[in-house]
Amino acid sequence: MDFALTPDQDSLLSAIDKLATQFATKPADFHGFALVGRDLDKELDEGQYYDIALVPELGPLSAAMAVERLARLPCTAEIALSMLVRPQLSGEWPRPLALVEYGRPGRFVATAKTVLVIDGEGIGIVQPSPAAIEPAPSLFAYPMGRLKEGVATTRLSNGEAANIRKWLRIALAAETSGLLQAAIASSVEHLSLRKQFGRPLGTFQALRHRMAECAVLAGGVRWLALKAAGTADEADAALAALHAQESATRVVYDVHQMFAAMGMTLEHPLHLWTYRLKALLSELGGRGGQASAVAQHCFGSAPV
Amino acid sequence: MDFNWDVEQQAFRSTVRGFLAANLPADWESLAHGPGSEVQSTFSKRFCGELAKAGLLVPHWPKRWGGRDADPWTAFILAEEMWEAGEPRGGQYMNVNWIGPTLMRFGSEQQQARYIPPMARGETIWCQGFSEPEAGSDLASLRTRAAKHETSYRISGQKIWTSYAGHADTCFLLARTAPGRDGISIFLVPMDTPGITVRQIPSLIGEGDIHEVFLDEVEVPGGALLGAEGQAWEISRTALSLERVGIPRFALAAKTLNRAVAALRRSGRFGHGAIEQAARARAACEAARLYSYSIIDQRVHGIPTGPEASAARYATVMAERLVGEFVVEHAPEALSDAGDPMLKVHHQRAVVAGIASGAAEIQLNLIATELLRLPREPR
Chain A
467 MDFALTPDQD SLLSAIDKLA TQFATKPADF HGFALVGRDL DKELDEGQYY
517 DIALVPELGP LSAAMAVERL ARLPCTAEIA LSMLVRPQLS GEWPRPLALV
567 EYGRPGRFVA TAKTVLVIDG EGIGIVQPSP AAIEPAPSLF AYPMGRLKEG
617 VATTRLSNGE AANIRKWLRI ALAAETSGLL QAAIASSVEH LSLRKQFGRP
667 LGTFQALRHR MAECAVLAGG VRWLALKAAG TADEADAALA ALHAQESATR
717 VVYDVHQMFA AMGMTLEHPL HLWTYRLKAL LSELGGRGGQ ASAVAQHCFG
767 SAPV
Chain B
3 MDFNWDVEQQ AFRSTVRGFL AANLPADWES LAHGPGSEVQ STFSKRFCGE
53 LAKAGLLVPH WPKRWGGRDA DPWTAFILAE EMWEAGEPRG GQYMNVNWIG
103 PTLMRFGSEQ QQARYIPPMA RGETIWCQGF SEPEAGSDLA SLRTRAAKHE
153 TSYRISGQKI WTSYAGHADT CFLLARTAPG RDGISIFLVP MDTPGITVRQ
203 IPSLIGEGDI HEVFLDEVEV PGGALLGAEG QAWEISRTAL SLERVGIPRF
253 ALAAKTLNRA VAALRRSGRF GHGAIEQAAR ARAACEAARL YSYSIIDQRV
303 HGIPTGPEAS AARYATVMAE RLVGEFVVEH APEALSDAGD PMLKVHHQRA
353 VVAGIASGAA EIQLNLIATE LLRLPREPR
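So the protein lines, in turn, are chains A and B. Residue numbers for the first sequence follow the numbering used here, so the first one is 467 and each next one is one higher. Residue numbers for the second sequence follow the numbering used here, so the first one is 3 and each next one is one higher.
The shape of chain B in the complex, shown without the other chains:
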């Protein structure tokens, strides 16, 4: 067991930091609000293109798909630095983390050839069509229907709280092809397909982040089906296991805390109460960091990700909450556009920490059953 970064890992982190210093505009921190906004979506395509040219967009992907087979530590160091900087990749972090790898595993040759190269070049934005008005945590109850018509499918239904849909090129869409949990399938649907209507939902997170997506007899060819009919549960479990520790939220939380503390110290207001609260938050950030590292280490050693990923996720939720509460109590001016803009960015993004990619309470259920081995709840 070794808690130190090796020389190569340190050098890679320096390279990423150097890239960020050279490629983020001076006013980036003021732009970083609204990861799905038009400004950020446009910026992210330019930025990810540059990342790709520098070999820093998908280094952990196979060479065949534009990567260099770098290990999971490389991917996570990259993710830490990006998220800490305010995630200039915008919604494209999803491509890098799980959509690309999921297509590599389950996609047809045609799907891979069509969708993976643009991801590796940083040219494309995806959204994930999972939640519906009646299917949030209870995803298996989703109602969006994909009816087969000869060689194509016609999809009708509604998705909601869909991140990045306003500027997305393609949707990773879950729809029902038969009754029951095993009747859910995944379709890769171009967002300009006739019958799709997107409505932005004003949100606490920032401009352009969440949407309703209406699907009215959206016709897609049979080749849009990912994997087999009814394989959605298996595929999305793989995707979620990659996503659960996909965002190193603790990195921006710790940076936010440092900045809030530095401002308090400069103004002579870092007294006992603030010290204790800040220290607790910092410890929670570091606990979340190590938890997440333990999952990455499992990936490095080829150990299948188990319920520890839920524990890592929940530790991150705890850390985000403590940092958010610290800022509200000790640096409230940041939420009124005074002071450090990154504090507001963090606050907007931390709102979703316990909700996106599986509610925190679902993680607690998983931890209770799979990690602690408590008897299951009756259904």
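So that you can see chain A by itself, here it is in the shape it has in the complex:
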């Protein structure tokens, strides 16, 4: 047990932080729902960051740290599945990756080169033709897309499907962790600057305690996500995803309360984190789905 970063992890995170600096603020003239970081994606691709998990000195735990750091940015790119799930697939599958569950629109589907399809217990995989995918207008702050009906997929073996489902959970938890931290940091900044009744909002205990609870939840999500990436254990993955969705449910509501009307605007970047979190809340069966996985892997219950 050692929570200190290795020198390789330290170097990696420094490089990522440096790379991320140029993407750290929302362009003033952007008033949309999803701020797509095409240049960020390009830089990560060119720098071979999507293959971090395959580097022996780094591995999936370092990849999870990178996912978490990059999720804090206001812009988004298909990072988590490429860094954490793609290395687990047998065979060569091009990125970006996307996930479609029960025929619903999914994140990055319209630009995906590889789509994972969950329908019941099994997982299918396909490299869709451009005609098979289309964008879906959405309130979520990810570019959402749809896989058209009738697209044939190759079914993963039960063993591979279980492994992919586990890494999807870890990716979800790592991404959620970064989004939570960014949403909380943005709220803290607002509460420190915004004055009402003659003093900063952050001096009111009712708000301070809510933010402190949010911070504790977010910290827990981070540790669980990193542990799951480090151990690759089914139970750890299920616990991380559940705590992520449980915490995000609470934090999304609370941080919007902190901003009041200001947080309803598309001028402020808050939604770029919270409306990504909202998109993650339903994935992989939502809290009920993660709870079933926890019951199976921690309490020995039959799959529900």
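No wet-lab data here; the hints were simulated from the structure. Ideal Cβ positions, reconstructed from N, Cα and C, are used throughout, including at glycine. You may find that some hints are simply not true.
Some, not all, of what chain B presents toward chain A, calculated at C-beta under 10 angstroms [stated by the list, open to error]:
| # | residue |
| --- | --- |
| 1 | G182 |
| 2 | A264 |
| 3 | Q365 |
| 4 | I369 |
Simulated DEER-style distance windows between Cβ atoms [claimed, not checked]:
| # | chain 1 | residue 1 | chain 2 | residue 2 | range |
| --- | --- | --- | --- | --- | --- |
| 5 | B | G20 | A | G569 | 18 to 28 angstroms |
| 6 | B | R375 | A | Q488 | 18 to 28 angstroms |
| 7 | A | G569 | B | A361 | 24 to 34 angstroms |
| 8 | A | G569 | B | N25 | 58 to 68 angstroms |
| 9 | A | Q723 | B | R48 | 46 to 56 angstroms |
| 10 | A | K508 | B | R268 | 49 to 59 angstroms |
With the hints as your guide, set chain B onto chain A.
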């Protein structure tokens, strides 16, 4: 970063488990109610004596004081196993966690020689005289007074909600030697000193756990003062930083949850509602565990404990609450002495999770100010 235990750590945990299996009586789980009761206090002295002989009471203490300079992980693995078993050390966990180390740092040679060896042998019980009727979270407002008379002090006042006082040999007592926050001092007071009266307060936690302690012109020599006059704030901050993640409450919470779930499964009652609630509680336990580990890791690397300790503590409070609520809703029979006795033990102890060693709301204030860096509240 590595989330796996090394071979030595795994071996140490096995040793502790082996010791518990060999030394806890068969009816231990029925005895574990009331950590300050006469039965448990007597048992804890015998048990801690055996722990000491096996080198498992204070392994993290310096060799000079009966330890073997083991690292903070060793101490925490030991604490996890003890708390998960229902804390057979009783109130002596405080000696091991913070009273001994605090005396090592701030005590005089005479104080160290008098008090530390009996702790290392598992022979002595301490209580902490902090709270007063008018000084709970606002500890700085305490009124118990220590007046200097030539070379001694006469202490008068009242302490309340004092754990283990009924069977304690010595009190780690806070008293005022001058006005203001910087006028508080610490005295090491033998509980058989004339003028001390202890009254047990019946409590939700169990028999013998909390007390009122009345001090009426209790005369102690000048050598009973720990550190210097007015140094209490500094000393108790050190003590509380050790205590804040001192009890691995998540360990018993997780075990309780596992047992409650196992019973539900056996009776075919582990359905959707219970599954979701149990899973949330389990995730909260594991989050608290990792938070606590992160603080231990800071200690290992010599990083001063910061506000993260408050976050770890609050995560533990959240976990305790979820497990407690799960048992009340899905295994209520345990609170009526039916079923698994450890579920009742957990419920009694979980009551204090958000209160003892600093209220949870105080932790939230600390997190808001020191971790999030929100502006301070006006005073």
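Hints versus structure:
1. G182: violated, 25 angstroms
2. A264: Check passed: Cβ of B:A264 comes within 8 angstroms of chain A, closer than 10 angstroms.
3. Q365: holds, 8 angstroms
4. I369: This interface hint holds because 4 angstroms falls under the 10 angstroms limit.
5. B:G20 <-> A:G569: 18 to 28 angstroms: Given a distance of about 55 angstroms, which is not inside 18 to 28 angstroms, the answer is violated.
6. B:R375 <-> A:Q488: 18 to 28 angstroms: holds, 25 angstroms
7. A:G569 <-> B:A361: 24 to 34 angstroms: For A:G569 and B:A361 the Cβ distance comes to about 50 angstroms; the hint is violated.
8. A:G569 <-> B:N25: 58 to 68 angstroms: holds, 60 angstroms
9. A:Q723 <-> B:R48: 46 to 56 angstroms: Cβ of A:Q723 to Cβ of B:R48: about 55 angstroms, so the range 46 to 56 angstroms holds.
10. A:K508 <-> B:R268: 49 to 59 angstroms: holds, 56 angstroms
In summary, the structure is inconsistent with hints 1, 5 and 7 from the numbered list given earlier, while agreeing with the others.
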